[in-house]
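So the sequence lines, in the order shown, correspond to chains A and B.
Start counting at 1 in the first sequence, then tack on 2, and there's your number in our numbering.
Start counting at 1 in the second sequence, then tack on 5, and there's your number in our numbering.
These aren't lab readings, by the way, just hints derived from the structure by calculation.
Being a predicted model, the structure only gives us computed values, none of them experimental.
Glycine is no exception: its CB is placed at the ideal position from the N, C-alpha and C atoms.
Some hints could be false.
Below, a sample of chain B positions facing chain A; criterion: calculated Cβ distance under 7 Å [unchecked claim]:
1. Pro-33
2. Val-195
3. Tyr-203
4. Ile-214
5. Ala-290
6. Pro-332
7. Ala-369
8. Phe-438
9. Trp-443
10. Ala-482
11. Pro-486
12. Ser-489
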Amino acid sequence: MKGKSTLASLVVLLALVALLPFSVIHADGHCEFADEAIKIGGLVPLSAPGSVAGGVAMSWAFNRAVDDINADCGVQIGGQNHRLQIVIGDSEGSPERGQAVVERFILEDEVHAVSGVYHSAVGLATMGILDANGIPTVFSEPWNDNVSANGIMEYDGRPPRNADGVDHIFRISPASSMVGGVVVDWLLAEGVDNVVIIAENTDYGQPAAADEKARFEAAGATVTQINVELGTEDFVPILSRIQASATVPDVVRILVTGETSYNLTQQMAELGIAPTVDTICVTNQFAFQSEQYWENVPDGNYCTFNRVGIIPSLFSDIAVGLNADYFEEFEDIIPSFAMASYDALHILADGMERAGTISDGAAIVAAIETTDLELSQGRYYFNYGNHNDSMPADDGMPDYFWHQWPDPVVTMMQYFEQGQSSLDAAVIFPEVYQTHGTGYMAPGEMP
Amino acid sequence: MVIEDSLSVWWLLLAGPLWAAIGLYVLPRSQGKIKRDERIDVSRLQIAGLIGGFALGPLGLGLFYLLPEMIRRATLILGILIAVFVSSQVLVRVSDPNVPSVLWLVLAGPLWAALASYFIPRHYHDVDADDNNALTAAALGGFTIGPLIFGLMWKHTPKISRDWMIVLGSLGAWQIYTLFAIQNPGNPCVQAPFQVTYLAQQTANGVVIGCIYSLMAVGLTLIYSVQGIVSFAHGQLYMVGGYFSFYFLLHAGNILSELTGNEITVNPIWGIPVAGFIVFLMGAAFERGFLKPMHDGLIERASEYAILITFGFGFVIEYTTLAIAGPFPQRANRFIEIRRFTFPRTQITEDFSFGPLNIIGDRAFAMIVGIVLIFGLLYFLQRTWTGRGLRATSQDKQAAAVTGINPTNMNTLAFALGSMLAAMSGAALIPIFAWVPWVGAEMVGRSYVIVVLGGLGSVPGALFGGIIVGIVEALGAGCHPDPSRGAAYKEAFALLIFALVLLLKPTGLFGREPH
Numbered sequence: 003m004k005g006k007s008t009l010a011s012l013v014v015l016l017a018l019v020a021l022l023p024f025s026v027i028h029a030d031g032h033c034e035f036a037d038e039a040i041k042i043g044g045l046v047p048l049s050a051p052g053s054v055a056g057g058v059a060m061s062w063a064f065n066r067a068v069d070d071i072n073a074d075c076g077v078q079i080g081g082q083n084h085r086l087q088i089v090i091g092d093s094e095g096s097p098e099r100g101q102a103v104v105e106r107f108i109l110e111d112e113v114h115a116v117s118g119v120y121h122s123a124v125g126l127a128t129m130g131i132l133d134a135n136g137i138p139t140v141f142s143e144p145w146n147d148n149v150s151a152n153g154i155m156e157y158d159g160r161p162p163r164n165a166d167g168v169d170h171i172f173r174i175s176p177a178s179s180m181v182g183g184v185v186v187d188w189l190l191a192e193g194v195d196n197v198v199i200i201a202e203n204t205d206y207g208q209p210a211a212a213d214e215k216a217r218f219e220a221a222g223a224t225v226t227q228i229n230v231e232l233g234t235e236d237f238v239p240i241l242s243r244i245q246a247s248a249t250v251p252d253v254v255r256i257l258v259t260g261e262t263s264y265n266l267t268q269q270m271a272e273l274g275i276a277p278t279v280d281t282i283c284v285t286n287q288f289a290f291q292s293e294q295y296w297e298n299v300p301d302g303n304y305c306t307f308n309r310v311g312i313i314p315s316l317f318s319d320i321a322v323g324l325n326a327d328y329f330e331e332f333e334d335i336i337p338s339f340a341m342a343s344y345d346a347l348h349i350l351a352d353g354m355e356r357a358g359t360i361s362d363g364a365a366i367v368a369a370i371e372t373t374d375l376e377l378s379q380g381r382y383y384f385n386y387g388n389h390n391d392s393m394p395a396d397d398g399m400p401d402y403f404w405h406q407w408p409d410p411v412v413t414m415m416q417y418f419e420q421g422q423s424s425l426d427a428a429v430i431f432p433e434v435y436q437t438h439g440t441g442y443m444a445p446g447e448m449p
Numbered sequence: 006m007v008i009e010d011s012l013s014v015w016w017l018l019l020a021g022p023l024w025a026a027i028g029l030y031v032l033p034r035s036q037g038k039i040k041r042d043e044r045i046d047v048s049r050l051q052i053a054g055l056i057g058g059f060a061l062g063p064l065g066l067g068l069f070y071l072l073p074e075m076i077r078r079a080t081l082i083l084g085i086l087i088a089v090f091v092s093s094q095v096l097v098r099v100s101d102p103n104v105p106s107v108l109w110l111v112l113a114g115p116l117w118a119a120l121a122s123y124f125i126p127r128h129y130h131d132v133d134a135d136d137n138n139a140l141t142a143a144a145l146g147g148f149t150i151g152p153l154i155f156g157l158m159w160k161h162t163p164k165i166s167r168d169w170m171i172v173l174g175s176l177g178a179w180q181i182y183t184l185f186a187i188q189n190p191g192n193p194c195v196q197a198p199f200q201v202t203y204l205a206q207q208t209a210n211g212v213v214i215g216c217i218y219s220l221m222a223v224g225l226t227l228i229y230s231v232q233g234i235v236s237f238a239h240g241q242l243y244m245v246g247g248y249f250s251f252y253f254l255l256h257a258g259n260i261l262s263e264l265t266g267n268e269i270t271v272n273p274i275w276g277i278p279v280a281g282f283i284v285f286l287m288g289a290a291f292e293r294g295f296l297k298p299m300h301d302g303l304i305e306r307a308s309e310y311a312i313l314i315t316f317g318f319g320f321v322i323e324y325t326t327l328a329i330a331g332p333f334p335q336r337a338n339r340f341i342e343i344r345r346f347t348f349p350r351t352q353i354t355e356d357f358s359f360g361p362l363n364i365i366g367d368r369a370f371a372m373i374v375g376i377v378l379i380f381g382l383l384y385f386l387q388r389t390w391t392g393r394g395l396r397a398t399s400q401d402k403q404a405a406a407v408t409g410i411n412p413t414n415m416n417t418l419a420f421a422l423g424s425m426l427a428a429m430s431g432a433a434l435i436p437i438f439a440w441v442p443w444v445g446a447e448m449v450g451r452s453y454v455i456v457v458l459g460g461l462g463s464v465p466g467a468l469f470g471g472i473i474v475g476i477v478e479a480l481g482a483g484c485h486p487d488p489s490r491g492a493a494y495k496e497a498f499a500l501l502i503f504a505l506v507l508l509l510k511p512t513g514l515f516g517r518e519p520h
């Protein structure tokens with residue numbers, strides 16, 4: 003009799019164990035999670051010709067954000083904790099591939115929201131699909147102005163996304179014009195008159211170059227623009243052309259990303275074009291990854307670069323922690339797009355929690371519009387959306403401020419010692435952020 | 006002959022091509038109805054339709070339809086008349102600096118070239134003359150000296166020697182340069198007296214990078230010549246060679262530093278043989294494992310198999326490297342501590358100075374490495390028994406086997422050597438370019454162009470092909486009238502030359518003529 007009872011208990015116990023995964027509530031450490039997880043699509047480039055380094059850093063940041071949010075019992079909706087789950091998709095930096103991945107996110111993975119996007123071309127190609135399918139989206143890196151401006155203005159024959167009353171697209175990376183404005187203001191303050199812009203042939207490089215060129219020309223400067231293909235390795239012929247021009251340029255501005263920018267900057271330095279006493283070298287934010295920069299641009303001392311994101315000396319506790327983990331993983335300083343990707347997931351999670359839903363896109367959008375969160379890059383909020391009766395133009399602001407985080411810090415930085423960490427590099431502009439009391443150091447000078 | 010009213014010129018340009026298109030379509034299809042004892046071949050009818058329609062419109066087409074015996078002579082005369090008309094327009098337009106003459110300039114040369122390259126080789130064939138290189142000479146001659154080429158080649162049908170080609174080629178280059186100078190007086194490539202230095206600088210840039218291109222292409226051509234397959238893993242072998250060198254230098258430096266107590270960096274020159282040796286073994290193992298069955302007749306569709314298996318091999322290498330090395334760009338230390346070699350400005354005459362000329366130090370070093378390796382390979386192929394065995398196998402496998410050469414071993418050796426050369430070029434370039442796991446994609450595309458341009462299977466062809474591609478890219482990027490496009494179209498310039506060479510010499514510059 004006792005044997006039968008033991009056997010029955012064992013069967014019941016085994017049945018319970020077997021059913022455990024199917025229970026409504028899962029226990030996970032100190033948290034209990036509901037069965038339904040929140041799926042976020044992370045669209046990043048993980049294959050060439052996309053910027054794989056950027057995609058890897060963004061994926062790392064997504065996973066780190068998911069771990070942090072789940073460790074804090076996920077997203078609480080209707081009294082239940084929902085586990086956050088990231089579904090990474092490889093855009094390959096290609097608009098067509100990005101569209102295919104987004105369609106897979108929506109139709110197969112049934113994601114509740116999307117974040118990421120490194121290349122502007124991918125952002126421009128996918129934003130319409132995401133909006134049409136009601137997927138709340140926070141882009142963390144594309145810079146093209148129209149990514150946010152298309153919310154309220156026509157772009158490339160497409161009507162404003164907000165025409166139906168809801169625009170599902172937000173952006174927390176800066177618009178190109180926000181960055182270009184800082185770079186041009188600084189260079190004009192330095193008195194440059196003869197400018198060479200080398201820009202990549204992409205939806206990031208060309209509009210950014212056009213914007214900066216217009217600003218320089220409006221100030222009376224002469225601009226020569228040279229377009230290059232991403233992935234080009236040898237720039238010496240075109241650099242020789244710059245070297246042979248009748249007048250020495252005051253500045254060479256590089257609007258090229260990834261390893262292509264490293265090759266270009268190094269070859270420019272090797273040929274003695276810039277940085278020199280006569281010519282300022284302005285490379286892009288990739289220079290901020292100082293380990294990579296010095297390995298690939300050993301002659302790039304005294305190059306300046308634009309930096310997006312809070313300056314290292316003002317890093318918050320969240321940023322310090324993120325940077326330490328990133329350094330442990332990749333042995334380099336965390337780039338802004340990784341911080342923005344981390345923050346984007348928190349913004350989405352916060353929006354869902356405040357909206358009290360994971361599937362009502364319009365309600366989540368309304369909640370995100372009223373975001374007020376302190377994260378790794380600073381305080382996040384959106385001035386212009388359906389929560390505000392004013393349009394950007396009413397306040398004299400450009401259209402790209404729609405659903406755009408208005409406060410990405412854009413600074414100009416400069417290395418002044420060989421092999422210097424970007425944490426020690428000088429912030430030279432805007433003046434309010436200057437760390438070494440100088441607006442620029444010509445080669446050989448010290449702060 | 007000269008039509009001053011530009012409106013009628015446009016009408017002519019519009020109507021002529023329209024009738025030419027109709028003639029091109031209609032006349033060959035009327036072949037069966039044309040009354041002749043002997044049918045005229047289709048290509049001749051196409052040309053007749055094209056030229057007759059362009060010159061005389063419906064009248065010309067009707068004439069050829071009713072009087073087919075006139076086709077041969079009349080197409081030649083009408084073609085020459087059209088070319089004369091266009092050439093006269095060229096002269097008028099060029100002499101008037103206010104009129105953009107690019108269209109006319111572009112039209113006249115190629116028109117004479119097309120006429121000459123169509124009629125002259127056929128004439129050589131008809132009179133049973135040696136027509137070797139007649140097509141190339143006729144095209145070059147038509148382009149450069151217009152109708153005079155008919156006078157030179159028609160009556161005596163001279164044998165076309167290399168001197169002919171050199172003279173006509175140089176003349177063509179000079180003409181293109183002159184026309185370019187007329188159209189772009191402010192371009193740095195033509196602006197006297199500065200243009201000499203600038204052209205020398207761009208040519209030097211092209212030669213330096215071209216020698217480096219050649220080294221990679223040589224490996225590809227070696228594999229093709231012996232195995233008859235194109236390795237689609239070549240770019241990845243180039244890439245992985247760079248990484249092998251990088252990690253060897255890193256670890257060797259660390260070990261030496263630990264042993265000596267001082268920080269020691271190993272010169273990248275040592276990474277080249279190490280990378281070459283490792284990839285040689287990789288290539289040999291791959292050949293034995295995956296390509297040998299193909300040569301043993303175990304694979305049904307061998308050529309498709311070769312493409313797929315080498316493509317797959319490349320894929321595995323690229324993604325394994327990505328998993329191990331990561332996506333972040335890396336670069337080895339310099340070969341030499343001299344950033345650039347500068348030939349200083351030198352005053353040649355009172356009005357003319359030459360220089361300065363800059364060559365980046367590491368590139369110059371890599372170029373020397375490339376040249377040494379290529380000549381080493383040539384020595385190996387020409388002067389050693391094994392090298393001769395490879396050449397014999399590339400010419401005739403069965404005959405080589407009869408003389409005691411083992412074709413199976415030669416196949417393995419060729420693939421391993423070709424892979425090794427790709428890896429060594431990668432190891433030579435990792436101090437020059439930022440290195441990522443997909444770095445081979447751009448380089449390998451260029452290598453295919455170089456190999457076909459130089460002649461499939463020809464080692465000297467790959468060397469000269471690489472230099473030509475390097476120079477054309479440098480001059481194209483440096484001389485394009487619009488600097489913003491010059492850089493973006495860099496690779497397209499090489500493809501243009503590639504297409505032109507293949508059009509005139511389908512076997513490539515040094516390729517073997519088909520038996």
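Holds or violated: the hint that Pro-486 (chain B) contacts chain A, with Cβ atoms closer than 7 Å.
Cβ of Pro-486 (chain B) sits 12 Å from chain A, so the hint is violated.
Evaluation of the interface hint that places Pro-33 (chain B) against chain A, nearest CB under 7 Å
41 Å, violated
Min Cβ distance, Ile-214 (chain B) to chain A: is it shorter than 7 Å?
5 Å, holds
Any CB of chain A closer than 7 Å to the CB of Ala-369 (chain B)?
11 Å, violated
Would you check whether Phe-438 (chain B) satisfies its interface hint, that is, whether its CB is within less than 7 Å of any CB in chain A?
Phe-438 (chain B) check passes; min Cβ-Cβ to chain A is 5 Å, inside 7 Å.
Close enough to count: is the Cβ of Pro-332 (chain B) nearer than 7 Å to one in chain A?
With a minimum Cβ separation of about 4 Å from chain A (threshold 7 Å), the hint on Pro-332 (chain B) holds.
Grab the minimum C-beta distance from Val-195 (chain B) to chain A and call the hint holds if it beats 7 Å, violated otherwise.
12 Å, violated
Using Cβ atoms only, decide whether Trp-443 (chain B) comes closer than 7 Å to chain A, and label the hint accordingly.
4 Å, holds
May I ask you to test the interface hint for Ser-489 (chain B) with respect to chain A, counting a Cβ-Cβ separation under 7 Å as satisfied?
5 Å, holds
With chain A as the partner, please determine if Ala-290 (chain B) meets the hint condition of a C-beta pair closer than 7 Å.
Hint violated; Ala-290 (chain B) Cβ to chain A Cβ min 27 Å, cut 7 Å.
Hint validity - Tyr-203 (chain B) Cβ closer than 7 Å to any chain A Cβ:
At about 5 Å, which falls below the 7 Å cut-off, the nearest Cβ of chain A leaves the hint on Tyr-203 (chain B) intact, so it holds.
Is the interface hint satisfied for Ala-482 (chain B)? The criterion is a beta-carbon contact with chain A at less than 7 Å.
4 Å, holds
Checked against the numbered hints given earlier, this structure breaks hints 1, 2, 5, 7 and 11; the rest are met.
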